[in-house]
Amino acid sequence: MSRHHGIAFKLAALILSCTFVIVAVIVGYNYYYSRDIILRQAEENSKNLAQDTAGRIDSVLITVQKVADNIAFSLEDATLSKKELLDLNKRVLANNPEIYGMAIAFEPYFLEADKLFFAPYYYRSGGRISFSMLGSPDYRYFYMDWYQIPKELERPVWTEPYHDSGGGGVLMATYSVPFFCTVDGEKVFAGVVTADISLDWLEDMLQNIKIYDTGFAFLLSRHGTFITHKDHNLVLNQTIFTLAEELKSPRLRDIGQKMLAGESAFVPMDEIFSESKQYLFYTGLQYGGWSLGILFPKNEMLAEVRKLSNVMSLIGIVGFIILAMLIIYIARKITTPLRKLSGSALEIASGNLDIQLPEITSQDEVGDLAESFKIMKDSLNEYIANLTSTTAAKERIESELRIAREIQMGILPKLFPAFPERPEFDVFASIEPAKEVGGDLYDFFFVDDDHFCFLLGDVSGKGVPAAFFMAVTKTLLKVVSERGLDPGDIITKVNSDLAAENESCMFVTLFLAIMDINTGETRYANAGHNPPVYMPCNGKPEWIPPLGEPVAGVMEGMKYSTKTMTMHPGDIIFIYTDGVSEAMNPENELYSDERLMDTLTAMKNPFAPELVKEIDKSIKVFTRGAEQSDDITMLAMQFCGKCEKKEQGE
Amino acid sequence: MNFTDTKKSNALVVNVTGRMDAITAPEFDAQCQNWLDAGETKVVVDLGDLEYISSAGLRSILAAAKRLKGSQGELLFSGLSGMVEEVFNVSGFAAMFKIYKTSEEALAG
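As you go down the protein sequences, you meet chains A and B in turn. Under this note's numbering, the first residue of the first sequence is numbered 1, with each subsequent residue one higher. Under this note's numbering, the first residue of the second sequence is numbered 1001, with each subsequent residue one higher.
Don't read these hints as lab results, they were simulated from the structure. Each statement offered as a hint is correct.
In silico DSSO-like pairs for lysine-lysine, Cα to Cα no more than 30 Å straight-line:
id	chain 1	residue 1	chain 2	residue 2
1	B	Lys-1066	A	Lys-559
2	A	Lys-540	A	Lys-613
3	B	Lys-1098	B	Lys-1008
4	B	Lys-1101	A	Lys-559
5	A	Lys-604	A	Lys-563
6	B	Lys-1069	B	Lys-1101
7	A	Lys-10	A	Lys-340
8	A	Lys-559	B	Lys-1098
9	A	Lys-210	A	Lys-258
10	A	Lys-563	A	Lys-414
11	B	Lys-1069	B	Lys-1008
12	A	Lys-333	A	Lys-10
13	B	Lys-1066	A	Lys-493
14	B	Lys-1042	B	Lys-1101
15	B	Lys-1069	A	Lys-559
16	A	Lys-47	A	Lys-277
17	A	Lys-493	B	Lys-1098
18	A	Lys-115	A	Lys-90
19	A	Lys-563	B	Lys-1098
20	A	Lys-493	B	Lys-1069
21	B	Lys-1098	B	Lys-1042
22	A	Lys-277	A	Lys-298
23	A	Lys-540	A	Lys-563
24	A	Lys-478	B	Lys-1066
25	B	Lys-1042	A	Lys-559
26	A	Lys-187	A	Lys-90
27	A	Lys-258	A	Lys-230
28	A	Lys-493	A	Lys-478
29	A	Lys-617	A	Lys-435
Use the sequences and the hints to build the structure in full.
This is the structure:
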């Protein structure tokens, strides 16, 4: 588990990462989608709220305007007495609770020629209606905005909000309507009718608008002055433009311009009026040139969405953990038996077939695997048992074959020098048995005191039959040779004996020679054997030509002929089996008669043992350790005559 | 080792190619049994394309000849060359069997 991750880990990693992505996408999509909905709703709500608020303010303003307009209208038509004027003023104020105070201010000396000031003013104070006459040397109302601007413009105006120290002594805005009288047929300016509204009243109203926790509304005057604002320091002291200057916010200035132009819009705001991001809805009022702004704190607007997302995330995480535990549990459930099986497999691999397999009863693939595993173990057990007995039997046969091989090799003369007391000749033979039992044979012995018989043969085929045939042949040859017959007669006799009961068509090739060790006269016969080599001392080696007579052991009644040749001192006859010429190297090339002849030619007057050993070495060099398929048997017979052996070689 | 049989009017001509050694010789034995079962008596074995023959191969040939002879049949050879011809000469097989230059000659003889 430390080197590589198990199935449990891989499964969990794969599924959980997929799940994570899915949950994240759902939560994320949900957040953004809900946020969009909320924002759209907020925009809609804010529009409604703002329009509602604006409508309420407008309704107040229009009432105030109408009242003032009506009074001004009536003043133009009727000539009212001073008392009537005062009554009218007071009555109107009493009937219109929206109005804070009302004045009817006349031009100097207009109503009464001796009175500079005439401006009765009724206003609310402590729940009652109070009265004062405006105008004094300290308060020359003709110069106030509320008087002068309508007079100059000759139309009603709303003044900028101001703090009226002369009248009500509160923050107010005043609607002033000029009225005219016809004097001498000419329409002249007579004064203004004013209606004040208290900004406290406006502020109370705006503050009653609940916009989340920290949202609020504000009102701008015609010139951008803050009429109401949460921050009282701003009211009348700053315009939206001075604030923009102070905050270095071109955006706020831009918004201010749009607000004064009476536009409406829902826009995102930077952290201008608050510490967090906000949305601003602004709209122009119908009267007074005012505009209303409502600020919505973004994070509070989206609090619900956040809460929803958090809950969803939490559900996701909890589900994620439960899923992870479930996967790990299932994977463990699968892998635990697998791991047990794996351990058992390792145990079996190391040779312990008697191991108790883990008990796995699950009805699934793992159960099937365990079942197969059990069958495999049982089969292996059975197989091993079979193999053991087969191997034992095979080993027994092989050991018997080996013993047979040893016996077979044992009947060949192996002791060299074979006749150290006879200086007239030297004989040397070698046999290199192939892995499988073969049928090569050689022998040499004295037929009588002067005649020495040597022979070499090759039984066809391999294995036990060949070995038997070889043993029979060798025994027969020895027995028959000792009767003192010619080589041809010996082979003729042996052939008849072998062929008589040879159902299996085994045969043997034979070269048999008898040498007169005093004269070197050698008589020989050849039953289908490959030609031996005659190596004259100081001469070129040559094949002893085949006689064309067939292999022995097949054709009963076959006559074999005898040839005669004369050996000179130092001459060698080299007899070999086809194991020599047909020895193969790893490339399946044959050693060949040509190579043999070349090797023999290269040797200069060798001794018999030296010759055999040299050829053997040459074959080994050629085959380079390739497996030997046939016995390699060689026999070298050297005639020395009367000479000393050592002198011959030198 | 591969065999190609060609049925002629009075004999079966068999072309043997490849190597005839201790490993492949049993195939020749089996093939020979097939000929006998098929009732063939005169079989001409063309060894023109045989690369190599070992003593085991020779034994198979002997066995085949013997079995054919037992059924009043005959085993002829043709196309001997190279190493195979040499082995036939050395082992005396050339003297034991009728050998022709070509299979046509063998059929005619």
